[in-house]
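Residue numbers (our numbering), protein chains in the order written: chain Y, 3 to 330; chain D, 754 to 1263.
No wet-lab data here; the hints were simulated from the structure.
There is no bait here: all hints are sound.
Listed next, the in silico DMTMM-like pairs over lysine to aspartate or glutamate satisfying Cα-Cα at most 20 Å (straight line):
no., chain 1, residue 1, chain 2, residue 2
1, D, Lys1023, D, Glu1071
2, Y, Lys207, D, Asp928
3, D, Lys921, Y, Glu210
4, Y, Lys192, D, Asp878
5, Y, Lys192, D, Glu865
6, Y, Lys207, D, Glu837
7, Y, Lys207, D, Glu865
8, D, Lys1080, D, Asp1067
9, Y, Lys192, D, Glu883
10, D, Lys1080, D, Glu1042
11, D, Lys810, D, Glu837
12, Y, Lys192, D, Asp869
All values reported here derive from a predicted model rather than from experimental measurement.
Each chain, written out:
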Amino acid sequence: MNKIRLIIRKSDSVGILTIVVFICLVMSLLKPEFSTFVNINVIARSISVMAIVALAQMVIIGMGGMNLSVGAIGGLVCVTVGALMAKMNIPIIIAVIAGLLVGLLCGFINGLLINRIHHFTNKLNVTSFLVTLATGSLFTGINLGMTRAVPIYGIPDSFVNIGRITIGGISLLVYLIIPVVLTVFLIMSKTGIGRQILAVGGNSKAAELSGISVSRVTIFSNMISAVLAGIAAIIFLTRLGSAQPTVGSEWLLFSFAAPLIGGTRLDGGQINVFGTVLGAILLALVANSMVHLQVSVYWVTFVHGIIILAAVGFERIRTIRSEERKDE
Amino acid sequence: MIGNKDIKYNDIVLDLKNISKSYPGVKALNNVSLSMNAAKVHALIGENGAGKSTLIKIISGVIGFDKGSMFVNSKQVSYSTPREAFSDGINVVHQERNVVPTFTVGENILLEKIADKFIGAVNLDQIYRESQEYIDMVGLEASPSSRVDDLSAAEIQLIEIAKALSSKANILLLDEPTSSLSFHEANALLETIKRLRDQGVSFLYVTHKLEEVFEIANEVTVLRDGKNVGTSLPIEELDRHKLASLMVGRSQKGASFPVRKTATTEPVLKVKNIASKIDCHRKSFVLHEGEIVGWYGLVGSGRTELARILIGYDPAIEGEILLNNKKINIKSVSEALNMHGIAYLSESRKEEGLFLTKSITLNVCSSIWSTIRNCCGLINKRTEKQIAEGYATQLGIKAPSVNQIVNSLSGGNQQKVSFAKTLAAEPNILIIDEPTVGVDVGTKRQIHELILGLAHKNISIIVISSDMPEIVQLADRIMVFSEGDICGEILNTKDYKTMSAQIIDKCLNK
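Take these sequences, add in the hints, and give me the full structure.
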């Protein structure tokens, strides 16, 4: 019986994979240009950013919270790295590290504020919603205030060229997500902090009573999330070639959709790293297909709304089903 | 392995001396003493509000105490956090589930280990292997790698005990551990407890099921109204009647109301074999016009569940309900109230009954907005205020004005506002759940008079209460609930001695 349950749980990913393959097949039949090498590379590059942003959100959902500031952190990291390289001629590697540190700091601030306010409300999800709503605005504000919303040009070629390196015809950036995904997987499933994040998401009271420090977990999960958002922003920067202050402004929606599609429980406590990546692949495919099917840009937003609603519905049905199975 | 190897079997592991604890306005515990012997099951019993949970909280370090002293393994202690109690080997298995549902059995049992690690790797195989020992100890038949949300309530209970054992606890506080278990599951749990006791673990077993006390306990402490009525009594000196009368045997306060003859009137409500999704025990009863029926029983005996069927909260899936000899189907709370005139006054007025941060007026009128609105669908403030003032005078709500925020009123006055809110809907049948929980003695009397007055106005009333004197004082007829069934019906003679004896009899001889 438990075997069957396990298979049902694992089969979520199989289901998404089927849809992904199906979309690919239909699209290549309908639009020959879809399956060209160039287009596949385009999709793969957007997946590399989306998947990492989705993981950033997944970690926080797993902890029982949410992070509305993923995009804002991404934007801030993007302009920081851009400004350091273009305006101050700081070496690439140091600029990147500085950018990630800015991300870490943002995550630390989020975690700290959530802890402070959580102390009074006792509702982790509402608190993290409100705090990151506010800090998201703060981070965006710093970003816009410093850049005056003007993109930073003059990113050194050596940096932009990283984005152009290909291995076997596929952009290096695509390969870059593999270590990131594996690291997140290892942290979440094998290390103490990863299991603690999920324990807090599953039942924060039980976690606390077992000696897990909920406040420490909150801070660390937010820092992990923020660093991931920063990595995504830096990858995005290599593609853009200029530091756009608006980077990240459209991340929020799919950052929720991808984990939910991929089998992460909205209530926290259960995540699926590879499912989340599959979710991001699915979303990137849908977005790309809409371009090829010449759906009006204005209606794309509408479709995004549908997708996230579907993702929430999908997640709820799955959670309720798993509860019903228990009653049988 | 567990407990303390060199335990002497007559060692006292936990000793409370004259513990007192007050909350603003309430004396929760008054000079309570208790001493627990090693490797014994010590039952802590008492009615609701007797102070059992306050005592558990003190022992486990959730709250402090005002006076008295506490010794754990002969060392004087005064805990300020649960962690301190925990490190002395005291562990509570709570009524509410304290497991991580998305984790495996092994991870839950050894969650402490995961808490110790941070960057270090968690070796799941090792956790599964180590947890097997505790799984075997409590007799749980589940693999350490199965997920907790696939398991039953009984199995989760065992996980919690295993978890406590894994942390080398030797004093386990079990807070009504069988309340959500089936008969067989409960028996299996009791066997496990006995086995662990014989291996040297000491248990403080909080319950209100007398059967279990005789099944498992070695010693019993009885609390009533925050005081000891029996301290660490050996079980051999007790029998059911003695224990039951210790639990409930307070003398009746205040004069009784006269005996009324009501069962001769036409029944307004006839219920035949109804059951709901959450309560599968079929129940039948009748309710006459202007009658007060008392439902006596302990928490979890099935009273609230039956009430919830009648008010459409958990619609009946079986049986039939006849209102004035017409078969009705109650599908929702709003239907019960608006179409059939069946109203319910919740026992937890703060959570379910009142809008605490709003005025008396808003609370009273919230159930009748649809009837007092004018032709444009708007609600006239003045009408609202008049209605609220009417009820405030009628029920004697003590407040400077009806604009007063409900939260600032005393418990008794809040309860009166709940009454006003329910009465404003002009029900024919009123179900009142624990009408006087948390109100002072004077207001209690007033509320009783109020209920009687409503009955005189031909409203049929069901009073649900675990307070035996209240039931005997108030009801015309008493229905006794036990373990999900109605196990007896008595016409009330309002003589406390004979009635309480009869009620206890019905409870026990189920």
